[in-house]
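*Asks:* Those sequence lines, one after another, are chains E and W.
Quick note: the first sequence uses the numbering used here, first residue 1, plus one each step.
Quick note: the second sequence uses the numbering used here, first residue 1, plus one each step.
By construction, these hints were calculated from the structure, which means they are not laboratory data.
Watch out, some of these pointers could steer you wrong.
As the list claims (entries may be wrong) - To be clear about the criterion: a stretch of chain E counts as covered by chain W if any three or more of its residues have a C-beta under 8 Å from a C-beta of chain W, and this derived list gives those stretches:
| id | region |
| --- | --- |
| 1 | 51-62 |
| 2 | 77-88 |
| 3 | 466-476 |
Here a beta-carbon is modelled for each residue, glycine too, at the ideal position from N, C-alpha and C.
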Amino acid sequence: MTRPPTTTSLRRRNVLSLLAVSATALTSGCIRRLRTITGWQPSDQISLEIKTVSADSDPYALRIANQVAEWLRTAGIDSNVTPMSNEELLRQVLLKHEFDLFVARTPLRIKRPGALYSLLHSKFAPASGWQNPFGYANLNVDGLLKTQRTVSGKRRQKAISQLQQTVATNQPFTPIALADDIRAVRSDRYTNWRRRDLHSSLSYLAVERVDADERDESAPTPPEELGVVMNDTRLTTNLNPLSVEFRCSDDLTELLYDSLGYSPDPKTVAPWLANSWKFSKDSSKLLATVEIPANVTWHDGTPLTAEDVAFTYAFLSDTTLGSGIEDDTDDDTTAVPVPRFHGRSDRVSTVRVIDPQTLEFRFGECHPQAAKRAFTVPILPKHIWNHRTNPSSIGGIEVGTATEALVTKNIPPIGSGPLMFAKNDPQRSVSFDTFDDHFLTHTDKPELPDELANGPAFDRLAVRAVGSDVAAVEMVASGEADVTGTAVGAGKVPRIGRKSVLDLIVDRSTSLYMVGYNVRQSPLTNARIRNTIAQLIDKRYLIEDVLDGYAQPAVSPLTGTEWLPAGLKWNGTDPVTPFLGTDGELNVQKAQEAFQAAGYQFDDGKLVRK
Amino acid sequence: MNLMEIFSEVVVVVSVLLPMALLFVVGPSRLWTALSDLRPKLKEAAPGFMALGIVLGINSIARDTGNNLSWIVGVNITGFIHRLEGQFVANLQSMATPTLTSYFSAIYVFGYTFLLVFPLFAYLLHDDTQPLYETVAAYIINYSVGLVCYIAFVAYGPRNLIPELVKPLLYINWPHSQLLTSEVNTNTNVFPSLHTSMSVTVALLSYRFRDIYRRWVPIAWMLAISVAISTMYLGIHWLTDVVVGTVLAVISVVLAARFGDRLRRGMNRVTNDWIGDRAVAYVRRWLQND
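Construct all of the structure, not just a fragment, from the sequences and the given hints.
*Replies:* Quick look at the structure:
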């Protein structure tokens, strides 16, 4: 087969001319010119991806994300939303730090200024978990965070106000709203649902059983069983209290593991497992002597002693139990702390066993009120967790940076809490029996409120996982469960209202929805850009349109607490980053001006880098 | 109502529909002749059912592993699909009426199950096992390609990406059905739509073997089209999933036509010469020892 001659010559000519051009380029100053031109980056449109959970997993997050993406697009930023599962979002955001923006519900309502320390201090920027996931570093903020930990009274109040003002202007994250916690319960088998906030697992201990003759015997679940239905499968596959991505706010692992103290309200920490604690000072260092009761055992029958408590604190600050851990954790560069409790455990310098029932805690620089917070971490059995110190490569964390302790699914879990593991069926269900040897059954704790001191009113707590909040409400309605263990969306309120067997429980403003920014990467490194993006978000519109009014707008993470300064109070609009538009309609002109003032340009309505 | 009750509801509905449909499609006289001489046919068809059972078994075991693997190696294409097709599903759902919702919910759960089960019975009753083996082969191809796609891609359906526009009509209308669907698949496996590909496969095969069961052709097509629409109407699948599902159906039928016969010979050889002999020997030995 022969080609027509014209094609051949054309090709040859093309090759020759290409060679000629290349030769000229090489010999002349063309390369230098090319180099100069490449210094001027082509003006690409700025593109931001928003990661969040799917609509099945959370009633509001995805709709908030879609609306924010819509506003960003209107302002000329290319933006799209990527939905994922709960644990995958936490893995990508909290462990890998692979995100531009994320929309999520914080695991716990931030009610104390102390909680901001681990959320915003720059020393936690490289850490995993809910410790500064944004990568935010502001020396001014670091200083204020330290001050509020060490001083008290007026000076502390002032530092906290200043701190919130700075954060509200700098916007490492945009607090959107404090959403109400809506649940469906039925009261024909168990009552007293309203005694405690259901957001805390301890509330399940306060529930009371209805007398046998008044019970609905036609119900499908056995009378001694409390049925909980969740639209979250995480608890059925993983019961590791140290896991970052598998734990959420409605977490029952708190009932599997006792802690020395518990929080009856945001301001106080009262003894739980501990009999008592006494604070003292030794050459300016804070000390505490903690007594724990005798005859406490783990679920497997092994005695729980002071040795386990001391082990827990050493282990939480370094799960490798590397050298020097007992003396000074800061010098140990190979330490792998537990992200979930780092903010609490890092207040403790050392824990010394005095006798099997007595411990001496030595704290870093902090106020006794802040120090007590460290007593709320779960106490772990030494005989099980000291085998989990070896490095592991599973679970989304890179090889060598995690220990087995952080990635194990921990089934069956051995704790000392009022509930012990019974059985699980991954993705579907998990159940727990009451632990007969729990300290509540044989120790007199007069300081505990009655509803908690009496222990659980059920013999078994059965958790079932379903695909969505609608299904969860229906399970309670049909009697297969007594309560929705995770909050449902406001859209389900009419459905709950229509069913006479269901009661509606609304706990006001329990969790914070936020838009988090990855401050580590351009253009979000720029505080002014973040501040401008925050002004593209109409919080009031989101609350009306997405949350159906079941929320209050948030300006600061401490909105709704006494710590909020007057300057950050919501006054019909956001006092720091007011929406650039009205009723959800973005004023494009104003938005463009704001970005131009931040040093960015528009090309055909698209926001580009200069 | 728990999972078992919903499952048995599906079983009851399908087993009521099945004999009625067989009577209508196969016809009383042919049905009678076939049933009276069922034993040799069952023997010839058993390896095919076994192959299908093995693939479904592997699929259900691999699904959980595949889902975890998918989050590690898979590409999240949800946003891409949405940008590709826009608000098609939302527009489709804007035509929703209570009657249509009930119809498509029933089609999605009962109609689909019936559509898949019917050919296995109907072709079993036919003299020649070729249609049966082609059906089994096409099902296997659908499931296998589906599994690979589910690992390679993470994709949520419209109800999970644009909930402000697309409602999960099936689950709002009938919340307990979610217990069943979440047993069958996870919400990240929407690309491609296996509901569509399997249904269209059945419809295509009904046309291919139209000379055997002429009355089955319109029923199969009507059901298949309804299933394809229902997946979108109910907010579960994107148009893209349905289109790719249809393409998968065509490919699977073409491949099945080519390799269905090979599957029959292969499976027969395996069962007769290998598993058959061994199983017989094993049972015999077990009986002797006991």
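*Asks:* Next, verify each hint and record whether it holds.
*Replies:* Quick rundown of the hints versus the structure:
no., hint, in the structure
1, 51-62, "holds (count 4)"
2, 77-88, "holds (count 7)"
3, 466-476, "holds (count 7)"
Hint compliance for this structure: no hint is broken.
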